[in-house]
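Residues 1 to 319 (my numbering) are what the sequence shown spells out, left to right.
It is worth saying that the hints were derived from the structure and are not from the lab. Note that this is a predicted model, so its numbers are computed, not measured. Please note: incorrect hints may appear among the correct ones.
[Unchecked claim] In silico DSBU-like cross-links for lysine-lysine, where the CA-CA straight-line distance does not exceed 30 Å:
(1) Lys307 <-> Lys295
(2) Lys295 <-> Lys284
(3) Lys198 <-> Lys295
(4) Lys38 <-> Lys200
(5) Lys295 <-> Lys260
(6) Lys260 <-> Lys307
(7) Lys200 <-> Lys260
(8) Lys198 <-> Lys260
(9) Lys38 <-> Lys68
(10) Lys198 <-> Lys184
(11) Lys184 <-> Lys284
(12) Lys200 <-> Lys307
(13) Lys198 <-> Lys68
(14) Lys184 <-> Lys307
(15) Lys38 <-> Lys184
[Stated by the list, open to error] Here are the in silico distance ranges between beta carbons for each label pair:
(16) Glu267 <-> Gly17: 23 to 29 Å
(17) Ala312 <-> Gly273: 39 to 45 Å
(18) Glu191 <-> Gly17: 34 to 40 Å
(19) Asp71 <-> Arg33: 38 to 44 Å
(20) Glu169 <-> Gly55: 33 to 39 Å
Yeah, the Cβ is synthetic: ideal placement off N, Cα and C, and Gly gets one too.
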Amino acid sequence: MMLGRRALSVLARLRTGSYVSGESLATELGISRAYIHKVIDSLRSWGIPVEARPGLGYRIPMLDELQKIRDLLTLNRVEANVTYFESCDRSSQDIARELAHSDATNWTTVVCGEMRSGRGRLGRRWFAPPGGLWFTVVVRPDFSGPLHVLSLAAGVSVAEAVTAVLGLEARVKWPNDVLVGDRKVSGILVEGEAEADKIKFLLVGVGINANNEIPEELRSTAATLHQLTGRPVPRATLLAVILARLRSYYNYLSVGEVGKITAQWLELSATIGRTVRVVTVDGKEIVGEAISLDKLGRLVVLSSGLKHHIDAGDVYHLR
Numbered sequence: 001m002m003l004g005r006r007a008l009s010v011l012a013r014l015r016t017g018s019y020v021s022g023e024s025l026a027t028e029l030g031i032s033r034a035y036i037h038k039v040i041d042s043l044r045s046w047g048i049p050v051e052a053r054p055g056l057g058y059r060i061p062m063l064d065e066l067q068k069i070r071d072l073l074t075l076n077r078v079e080a081n082v083t084y085f086e087s088c089d090r091s092s093q094d095i096a097r098e099l100a101h102s103d104a105t106n107w108t109t110v111v112c113g114e115m116r117s118g119r120g121r122l123g124r125r126w127f128a129p130p131g132g133l134w135f136t137v138v139v140r141p142d143f144s145g146p147l148h149v150l151s152l153a154a155g156v157s158v159a160e161a162v163t164a165v166l167g168l169e170a171r172v173k174w175p176n177d178v179l180v181g182d183r184k185v186s187g188i189l190v191e192g193e194a195e196a197d198k199i200k201f202l203l204v205g206v207g208i209n210a211n212n213e214i215p216e217e218l219r220s221t222a223a224t225l226h227q228l229t230g231r232p233v234p235r236a237t238l239l240a241v242i243l244a245r246l247r248s249y250y251n252y253l254s255v256g257e258v259g260k261i262t263a264q265w266l267e268l269s270a271t272i273g274r275t276v277r278v279v280t281v282d283g284k285e286i287v288g289e290a291i292s293l294d295k296l297g298r299l300v301v302l303s304s305g306l307k308h309h310i311d312a313g314d315v316y317h318l319r
């Protein structure tokens, strides 16, 4: 997560949502009040929305109301133009695409309280009822490079935010899932449009099972964060941290530091080292060991002595 030991200790204390005085934190950690200020600043810079109140101390506002996201983004210093819809009859991807065609600014974010026509990869239906966290970010890259890595960056951002806000150990599964244990809690869909050799925009779509219900047929492979923590999930706070982390990784991508993204993905990977079955988009099946990512963010699978570099496809963990 790239947070130091003391920052993680402070984060654990503030995760309750209640105010904790700087004096209490300093005493518990055996450090000075001045150092506590530095730790709080590092948490905000990393993406945690920490509120400070004279006489009360510090807290992380644990907010579920998605309409309050702008206040949280002010706390963690993230610029994003967020548009919230209580209910969407289309997917957030489709609404964001329409806004992108209407010259929506970079980092415009469409958030839907529910989506009645959600969709995932390859046009599959995405179940998106009330209580989940469903959103799409419009990105307008002004650079070239392995933009496929943006999907990995989004996965890492979600996993890190889930761990930071909820204390769960979230992992990433290639190419675009986030797991807690072996159960899926989030999926990611990156689409875009280009003209000639220039990317016009990319749409980073994220769906998270937060406080929603899951269809019975998916309950053996998917879970909600509410289920896993035993308490309601503060969706607005979670979204604020995800947007901050995504912005950070996007900045790495924009200056060509792809290795920082793939290294963190490998650190959080639930796929590497596993025996996997890959079904490529053209129907080819490959069974082997997932051994690494290449420089383009493709999954490297070793099968019968040959290395296969997978651009896209479905990956199934076998053992």
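Tested hints:
1. With a C-alpha separation of about 14 Å, the suggested pairing of Lys307 with Lys295 holds against the 30 Å cut-off.
2. Simply put, Lys295 and Lys284 have alpha-carbon atoms about 23 Å apart, close enough for the 30 Å limit, and the pair holds.
3. For the given pair, Lys198 sits about 21 Å from Lys295 by alpha-carbon distance, which is consistent with the 30 Å threshold.
4. Simply put, Lys38 and Lys200 have alpha-carbon atoms about 39 Å apart, too far for the 30 Å limit, and the pair is violated.
5. For the suggested pair Lys295 and Lys260, the alpha carbons sit about 11 Å apart, so the restraint of at most 30 Å is met.
6. Between Lys260 and Lys307 the alpha-carbon distance is near 23 Å, which keeps this suggested pair within the 30 Å criterion.
7. The suggested pairing of Lys200 with Lys260 holds, with an alpha-carbon distance near 25 Å, which does not exceed 30 Å.
8. Distance hint between Lys198 and Lys260 is fulfilled; the C-alpha atoms sit about 24 Å from each other, no more than 30 Å.
9. With a CA separation close to 26 Å, the supplied pair Lys38 and Lys68 stays within the 30 Å bound.
10. As the CA atoms of Lys198 and Lys184 are separated by approximately 34 Å, the hinted pair breaks the 30 Å bound.
11. For the proposed pair Lys184 and Lys284, the alpha carbon gap of about 24 Å is at most 30 Å, so the pair holds.
12. A C-alpha spacing of about 34 Å is found between Lys200 and Lys307, which places the hinted pair above 30 Å, so the restraint is violated.
13. Between Lys198 and Lys68, the direct Cα distance comes to roughly 35 Å. Violation of the 30 Å bound is thereby established for this hinted pair.
14. Taking the CA atoms of Lys184 and Lys307, the gap is near 27 Å; set against the 30 Å cutoff, the hint holds.
15. Between the alpha carbons of Lys38 and Lys184 the distance comes to roughly 36 Å, so the proposed pair goes past 30 Å and is violated.
16. Between Glu267 and Gly17 the Cβ separation comes to about 28 Å, which falls inside the hinted range of 23 to 29 Å.
17. Taking 39 to 45 Å as the suggested C-beta distance range, the pair Ala312 and Gly273 does not conform, at roughly 21 Å.
18. The beta-carbon spacing between Glu191 and Gly17, approximately 35 Å, falls within the hinted interval of 34 to 40 Å.
19. Distance hint check: the CB atoms of Asp71 and Arg33 are about 26 Å apart, inconsistent with the given range 38 to 44 Å.
20. Taking the beta carbon of each, Glu169 and Gly55 are about 36 Å apart, inside 33 to 39 Å as hinted.
Going through the hint list in order, the structure does not satisfy hints 4, 10, 12, 13, 15, 17, 19.
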